[in-house]
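> Sequence:
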Amino acid sequence: MAKRPAAKKRRKLTSDKGIVHIKSSFNNTIITLTDPDGNTLMWTSGGTAGYSGSKKSTPYAAQLGADKIAKEAIKLGITRVGIEVKGPGSGREAAIRTIQAAGLTIETLKDITPLPHNGCRPRRRRRV
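Numbering (the working numbering), first residue to last: 1 to 128.
The set of hints was computed from the structure by calculation and includes no laboratory data.
Keep in mind the model is a prediction, meaning the values are calculated, not measured.
Careful: at least some of the hints might be erroneous.
[Unchecked claim] With a straight-line cut-off of 27 Å between C-alpha atoms, the simulated DSSO-like cross-links for lysine-lysine are:
id: 1; residue 1: Lys-68; residue 2: Lys-110
id: 2; residue 1: Lys-55; residue 2: Lys-86
id: 3; residue 1: Lys-86; residue 2: Lys-110
id: 4; residue 1: Lys-86; residue 2: Lys-75
id: 5; residue 1: Lys-23; residue 2: Lys-55
id: 6; residue 1: Lys-86; residue 2: Lys-71
id: 7; residue 1: Lys-3; residue 2: Lys-110
id: 8; residue 1: Lys-55; residue 2: Lys-3
id: 9; residue 1: Lys-68; residue 2: Lys-3
id: 10; residue 1: Lys-17; residue 2: Lys-71
id: 11; residue 1: Lys-75; residue 2: Lys-17
id: 12; residue 1: Lys-110; residue 2: Lys-71
id: 13; residue 1: Lys-3; residue 2: Lys-17
id: 14; residue 1: Lys-3; residue 2: Lys-86
id: 15; residue 1: Lys-68; residue 2: Lys-23
id: 16; residue 1: Lys-110; residue 2: Lys-17
id: 17; residue 1: Lys-3; residue 2: Lys-23
id: 18; residue 1: Lys-55; residue 2: Lys-71
id: 19; residue 1: Lys-68; residue 2: Lys-17
id: 20; residue 1: Lys-55; residue 2: Lys-17
id: 21; residue 1: Lys-3; residue 2: Lys-71
[Stated by the list, open to error] Between beta-carbon pairs, the in silico distance windows are:
id: 22; residue 1: Asn-39; residue 2: Ile-74; range: 42 to 52 Å
id: 23; residue 1: Val-128; residue 2: Ile-106; range: 12 to 22 Å
id: 24; residue 1: Asp-16; residue 2: Ile-112; range: 17 to 27 Å
id: 25; residue 1: Arg-121; residue 2: Ser-15; range: 38 to 48 Å
id: 26; residue 1: Lys-71; residue 2: Ser-15; range: 13 to 23 Å
id: 27; residue 1: Asn-118; residue 2: Thr-79; range: 41 to 51 Å
id: 28; residue 1: Arg-127; residue 2: Met-42; range: 42 to 52 Å
id: 29; residue 1: Lys-55; residue 2: Lys-3; range: 32 to 42 Å
All residues carry an ideal CB built from backbone N, CA and C; glycine is no exception.
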């Protein structure tokens with residue numbers, strides 16, 4: 001008989017706190033759940049929610065991903081989260097609202113979008 005690989009052992013967390021990182025670009029929204037130290041527990045995106053192409057960047061795809069993350073966080077015993085948002089995409093607000101509606105308590109909400117202080121020279125302007 002063929003031996004099947006052992007399933008990953010899911011460990012119960014000692015803390016009820018976690019951090020949700022939402023990276024929202026114009027093409028996709030990636031949502032990552034980490035413990036307070038920054039170790040990734042789970043991640044999902046518009047692509048893993050079953051969408052491809054331009055549908056990945058919609059707020060609805062971000063909403064599905066955030067719902068999946070929130071349910072998994074509750075299973076792991078996380079009840080309080082801090083949210084860090086990065087990027088200019090359309091899925092930011094939808095993901096935040098979904099996490100709050102799922103029953104997680106939002107303690108902090110940070111926008112960590114990198115802003116240039118007039119650093120690099122921008123690309124040439126497109127001529128259409």
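> Look at each hint and say if it fits the structure.
Going down the list of hints, with the structure as the test:
| no. | hint | verdict |
| --- | --- | --- |
| 1 | Lys-68 <-> Lys-110 | 21 Å, holds |
| 2 | Lys-55 <-> Lys-86 | 20 Å, holds |
| 3 | Lys-86 <-> Lys-110 | 9 Å, holds |
| 4 | Lys-86 <-> Lys-75 | 26 Å, holds |
| 5 | Lys-23 <-> Lys-55 | 16 Å, holds |
| 6 | Lys-86 <-> Lys-71 | 22 Å, holds |
| 7 | Lys-3 <-> Lys-110 | 46 Å, violated |
| 8 | Lys-55 <-> Lys-3 | 39 Å, violated |
| 9 | Lys-68 <-> Lys-3 | 31 Å, violated |
| 10 | Lys-17 <-> Lys-71 | 14 Å, holds |
| 11 | Lys-75 <-> Lys-17 | 13 Å, holds |
| 12 | Lys-110 <-> Lys-71 | 22 Å, holds |
| 13 | Lys-3 <-> Lys-17 | 37 Å, violated |
| 14 | Lys-3 <-> Lys-86 | 43 Å, violated |
| 15 | Lys-68 <-> Lys-23 | 16 Å, holds |
| 16 | Lys-110 <-> Lys-17 | 16 Å, holds |
| 17 | Lys-3 <-> Lys-23 | 39 Å, violated |
| 18 | Lys-55 <-> Lys-71 | 23 Å, holds |
| 19 | Lys-68 <-> Lys-17 | 17 Å, holds |
| 20 | Lys-55 <-> Lys-17 | 32 Å, violated |
| 21 | Lys-3 <-> Lys-71 | 31 Å, violated |
| 22 | Asn-39 <-> Ile-74: 42 to 52 Å | 19 Å, violated |
| 23 | Val-128 <-> Ile-106: 12 to 22 Å | 42 Å, violated |
| 24 | Asp-16 <-> Ile-112: 17 to 27 Å | 23 Å, holds |
| 25 | Arg-121 <-> Ser-15: 38 to 48 Å | 45 Å, holds |
| 26 | Lys-71 <-> Ser-15: 13 to 23 Å | 19 Å, holds |
| 27 | Asn-118 <-> Thr-79: 41 to 51 Å | 42 Å, holds |
| 28 | Arg-127 <-> Met-42: 42 to 52 Å | 44 Å, holds |
| 29 | Lys-55 <-> Lys-3: 32 to 42 Å | 40 Å, holds |
In the structure shown, a violation is registered for the earlier hints numbered 7, 8, 9, 13, 14, 17, 20, 21, 22 and 23, in ascending order.
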